[in-house]
Every structure is written in structure tokens, then in C-alpha cells.
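J.: One-letter residues, chain by chain:
There are 4 protein chains.
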Amino acid sequence: MKAQFADYKEKVLQSFNHQGLAHTLGIEVEDFGPGWFHTKMIPSQQILQHHNYVHAGALASMADLSSGFAAYSLMSEKEEVLTVEFKINLLRPAVGEMILCRAKVLKPGKRIYVSESEVFTVNEGIKKLAAKATVTLLVVDMD
Amino acid sequence: MKAQFADYKEKVLQSFNHQGLAHTLGIEVEDFGPGWFHTKMIPSQQILQHHNYVHAGALASMADLSSGFAAYSLMSEKEEVLTVEFKINLLRPAVGEMILCRAKVLKPGKRIYVSESEVFTVNEGIKKLAAKATVTLLVVDMD
Amino acid sequence: MKAQFADYKEKVLQSFNHQGLAHTLGIEVEDFGPGWFHTKMIPSQQILQHHNYVHAGALASMADLSSGFAAYSLMSEKEEVLTVEFKINLLRPAVGEMILCRAKVLKPGKRIYVSESEVFTVNEGIKKLAAKATVTLLVVDMD
Amino acid sequence: MKAQFADYKEKVLQSFNHQGLAHTLGIEVEDFGPGWFHTKMIPSQQILQHHNYVHAGALASMADLSSGFAAYSLMSEKEEVLTVEFKINLLRPAVGEMILCRAKVLKPGKRIYVSESEVFTVNEGIKKLAAKATVTLLVVDMD
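Respectively, the protein sequence lines represent chains V, H, W and G.
Letter by letter, the first sequence follows residues 1 to 143 in the numbering used here.
Letter by letter, the second sequence follows residues 1 to 143 in the numbering used here.
Letter by letter, the third sequence follows residues 1 to 143 in the numbering used here.
Letter by letter, the fourth sequence follows residues 1 to 143 in the numbering used here.
In case anyone wonders, no lab produced these hints; they're calculated from the structure.
Keep in mind that the hints are not guaranteed to be accurate.
Repeated chains share a single entry, so a pair holds when one copy, or any two copies, can fit it.
[Claimed, not checked] Below, in silico cross-link-like pairs of lysine-lysine (DSS-like), each with a Cα-Cα straight-line distance of 25 Å or less: (1) K40 / K107; (2) K128 / K78; (3) K110 / K78; (4) K127 / K110; (5) K127 / K40.
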């Protein structure tokens with residue numbers, strides 16, 4: 001997969017920096033390229049549930065954001081993407097020093113993009129798959 | 001649907017009060033009973049995306065929490081529920097003075113509960129369906 | 001919801017009659033109108049699994065078809081719909097003299113329609129919810 | 001992943017041979033092992049929709065069956081699995097001489113298994129991803 005213009009990284013980062021929810025939850029960009037987007041999050045009390053696991057909603061937010069930006073990295077200068085729907089399976093309790101998300105575009109299309117996000121816990125260097133999401137996105141023209 | 005013990009409301013509220021993510025996102029209990037759970041959220045800059053719509057992840061968190069507590073209200077004193085997976089469709093931009101979520105149990109089971117959440121925007125008293133989620137939950141014994 | 005032209009029923013039925021899978025599985029139209037579509041299926045050995053329940057795949061086919069036609073009933077003469085994705089929860093074993101499916105459009109859009117299908121078993125006149133599906137559809141121009 | 005007893009292949013094949021829907025749709029076992037299951041299907045008029053694409057419901061049936069058997073291969077002699085829910089994204093029109101499905105267990109659990117199915121079209125030896133499904137399964141004791 002290829003980006004559609006030279007400065008796509010700038011456009012992507014600028015948009016990410018306007019995501020209030022990412023800042024609220026502590027989700028940061030790790031790295032990205034055309035069709036993929038990696039994020040990280042250090043769990044704080046703010047996003048935990050009653051067992052001190054990271055709440056499903058925080059993992060879902062991370063998965064949706066990362067998959068959306070994986071698709072966004074392939075848009076032209078005048079296009080953006082909207083999440084149509086997503087589905088996430090929670091595979092194990094998300095307890096960890098760090099949460100990583102690896103998103104990639106599974107299928108680009110004319111109007112519909114489908115991305116996948118894998119969410120991992122990291123403890124003492126050991127990465128475990130904690131959640132997996134499939135995200136359907138619609139390409140729209142920017143206003 | 002019927003609660004399994006007299007003081008179930010106390011147990012439910014106590015657990016909700018331990019949901020760090022709910023507090024972070026500003027999700028509050030509106031009302032609940034056996035098999036249903038209603039929440040509300042006043043959108044703040046913290047949960048908006050770049051168009052000032054409420055971010056899909058915040059709606060998903062609200063939908064997951066509300067559906068989970070709808071099922072939790074039917075558990076015995078020693079049981080709780082874990083989200084196995086959920087799927088959410090974003091139906092229109094979530095712009096509003098207030099966001100409401102109406103969750104109910106669609107099917108109780110021995111081990112698996114399925115709940116649904118409808119998320120509405122409210123503007124000048126007009127309620128519009130903004131998202132709908134289906135949530136699959138597993139009944140587990142509390143430690 | 002309103003049909004876009006007078007003879008929409010003819011167009012809908014003509015398309016349904018070309019669905020090879022519907023005939024293979026024994027899915028028949030019961031009734032329909034603008035934005036809704038009802039189907040029925042009498043379980044035969046052909047669609048059962050090893051416990052003599054109707055197989056999830058047959059219920060999913062019925063749910064997808066019915067939701068798709070609920071949206072199709074709202075298209076113009078030159079448009080049709082494609083299933084982008086669907087999700088189905090199997091709520092109880094599908095054992096019955098008859099299987100019914102009730103589909104309706106949850107949200108029409110410019111390019112994306114979202115429909116829901118409820119699948120019921122019928123035994124001695126008693127209807128029980130056996131499955132529920134959410135279906136995302138894309139509006140496309142006919143060739 | 002490891003099978004729980006020596007003769008698991010016999011048990012798996014015996015159960016597959018009782019799947020009426022697989023025979024109706026022409027779905028055959030290609031190969032399998034502990035935690036994975038591959039199937040194939042030659043498209044016939046019976047499973048096509050009006051554009052002569054394989055109908056979403058037939059792909060969904062193939063994906064559900066294959067994912068279910070991937071999990072079933074890991075069960076003990078007295079256990080089986082039930083589909084709790086699945087979600088499938090249709091990624092491109094399924095036109096082909098042959099349809100292949102590659103299913104594997106993503107996460108085994110005590111009570112819940114999650115599997116994934118990738119469905120491919122094959123034309124003149126070229127394999128293309130046509131659909132992808134995530135399937136949630138519940139482990140139950142056989143009667």
C-alpha cells in the first residue's frame with residue numbers, strides 16, 4: 001500500500017493531535033506508515049475497571065482510533081474516514097505495564113476500508129494478545 | 001426479568017462507582033432496574049474528535065458499560081459479568097447537548113448474556129438514535 | 001420510510017427470485033413493505049447440524065437476505081445494495097416447525113444503510129427469539 | 001496448540017459428516033490439525049446471488065463451520081462447541097472457480113474460544129481474500 005501524497009505524515013499527525021479522546025485516555029502514536037498505525041497507552045487509574053483491568057471501552061477506543069488512522073494514512077489530501085462500525089473481542093484481562101495496539105488496513109476500497117487492530121499487553125517484555133477488533137470505515141470528502 | 005436478591009441495586013451502584021473509565025468520560029447512571037440500565041453523558045472537549053463529534057470510542061464505552069450493567073443487575077450476589085465481545089454501529093454524528101444510553105438484556109442465559117445498547121443524542125429535547133451496540137457477556141463467579 | 005417509486009414491489013420480488021441460496025435453503029418471502037421484509041423457512045434435513053438444530057449459517061443467510069431486502073425496498077430504480085458486513089448472535093437452539101425472520105431498516109443513509117433481523121422459532125404457535133443480526137449495507141448504482 | 005486425545009481426527013470428521021448444511025452448500029474438508037481447519041467449496045448455481053457472486057450467507061456458513069471445527073479439534077472427547085456469535089466482513093465479490101476457507105483458533109479459553117476464518121477466491125491459481133470472520137464459541141459438555 002502506498003500513501004497518496006508526500007506529506008501524508010504531517011496530515012495524519014495533525015489530525016491525531018485533535019483527538020480529544022486519545023489525550024484523555026493517554027493513547028499516543030508509536031509509529032506509522034502507509035496502511036498501518038501503531039499506538040501505545042500506559043494504564044492509569046482513569047481507564048481501569050473494578051478489577052484493575054483496562055476497561056473494554058478504553059481498549060475499544062484504542063483499537064478504533066488506530067484502525068481509523070491506518071486507513072487515514074492512505075487517503076488523498078481532501079479525504080478522510082468515518083467509522084461505520086466496529087467489533088472487538090476481549091481475549092484476556094488487560095493487565096499490564098503498557099498496552100500496545102497494532103492496526104493495519106485489511107482491504108482498501110473505493111468507498112469502504114476495512115482495518116484490523118490487535119491490542120497487546122506488555123509485562124516484563126512479554127507481549128500477549130488481549131483484544132482484536134475489525135473496523136469498517138467510510139471514505140468521505142473533507143468539508 | 002427479575003433481580004435475584006433484594007439489595008441488588010446497592011451491589012450494582014457500588015460496582016458502577018468503581019468504574020474509573022465512566023468517571024473519566026463523564027458517564028453517569030440515570031436509572032436502572034432488573035435487566036435494564038440507563039446512562040447519560042454531557043459531551044466535553046475530553047471526548048470529542050476533530051469535528052467536535054463525540055468519538056466512537058466514547059460511545060462504545062458508554063454502550064459497553066450500560067449493557068454490562070443491564071446484565072449485572074440480574075446476577076446473584078456472588079456472580080459478575082465480563083464482556084466477551086461487542087459490536088457497535090455508528091449511525092449518525094454524535095453532536096448534542098446530552099448523550100443518553102438505553103441498555104437492556106436481550107437474552108439471559110446460564111453462562112452467556114446478550115444485551116443491546118441504544119445511544120441517543122438529545123438536542124432541544126429531540127432524541128435521535130446515534131449508535132447501536134450488541135454486547136455478549138460471560139457470567140463468572142466473583143473471587 | 002417511503003419507497004422511491006410506485007412499482008418497487010415488482011423490482012424487489014424479481015431480485016428475490018434470482019437468489020439461488022434462498023431457494024437452496026427454502027427461504028420464502030412472507031410479506032414486505034418500505035423498509036421492512038419478512039421471510040419464513042421450514043427446516044429440512046438440508047440445513048440442520050448434528051443436533052438437528054438449524055445451522056447458524058442458515059439462520060445467518062436468512063438474516064442477511066432479509067435485512068438486505070428491507071434496505072433494497074427503499075432504493076431507487078437504478079440502485080441496489082451490497083452487504084458490507086454483518087454480525088449475528090445465536091440466542092437459543094433453533095428447533096422448530098417454522099423459522100421466521102423479521103427485518104427492518106434501522107437507519108437509512110446516503111451511502112450506508114443499517115438493518116436488523118430478528119429470527120424466531122415457532123412451535124405450537126409460540127414464537128421465540130432465536131437469533132438477532134445487524135447488517136451494514138452499501139448503496140451502489142446498478143450496472 | 002495440541003489435541004487432547006489421540007483419535008481427535010476421527011471425532012472431528014464424524015461430526016463434520018453430520019453437518020447437513022455443509023453438504024447442501026458443497027463445503028468439503030480440505031485439511032485440518034489441532035486448532036486449524038481448512039475447507040473448500042466449488043460455487044454452483046445453488047449458492048449464487050443475482051450477480052453470480054457467491055452469496056454472503058454461503059460464505060458466512062463456510063466461515064462459521066470452519067472456525068467452529070478449528071475449535072472443536074481442541075476439545076476433549078466429551079466436549080463440543082456452540083457458536084455464540086460471529087461477524088463477517090465481505091471484502092470483494094466472491095467470484096471464482098473455487099472458494100477456500102482457512103480457519104484458526106485465535107484464543108483458546110476455559111469456556112470461550114475465539115476463531116478466525118479467512119475466505120479466499122481462487123482464479124487461475126490466484127488467491128484473493130474475499131471475506132474475513134471472527135467467531136465466538138462456547139465450550140459445552142456433550143449430552
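J.: Compare the structure with each hint and give your call.
T.: Results for each hint:
1. Taking the closest pair of Cα atoms, K40 and K107 come within 25 Å of each other both inside a single copy (24 Å) and across two copies (22 Å).
2. For the identical chains of this complex, K128 and K78 are neighbours neither inside a copy (38 Å) nor across copies (29 Å), given an alpha-carbon limit of 25 Å.
3. For the identical chains of this complex, K110 and K78 are neighbours both inside a copy (14 Å) and across copies (19 Å), given an alpha-carbon limit of 25 Å.
4. In the homo-oligomer, the alpha carbons of K127 and K110 lie at most 25 Å apart only across protomers (21 Å), although the nearest pairing inside one protomer, at 35 Å, exceeds that limit.
5. Taking CA atoms no more than 25 Å apart as the test, K127 paired with K40 passes inside one copy only; the shortest distance there is 13 Å, against 34 Å between copies.
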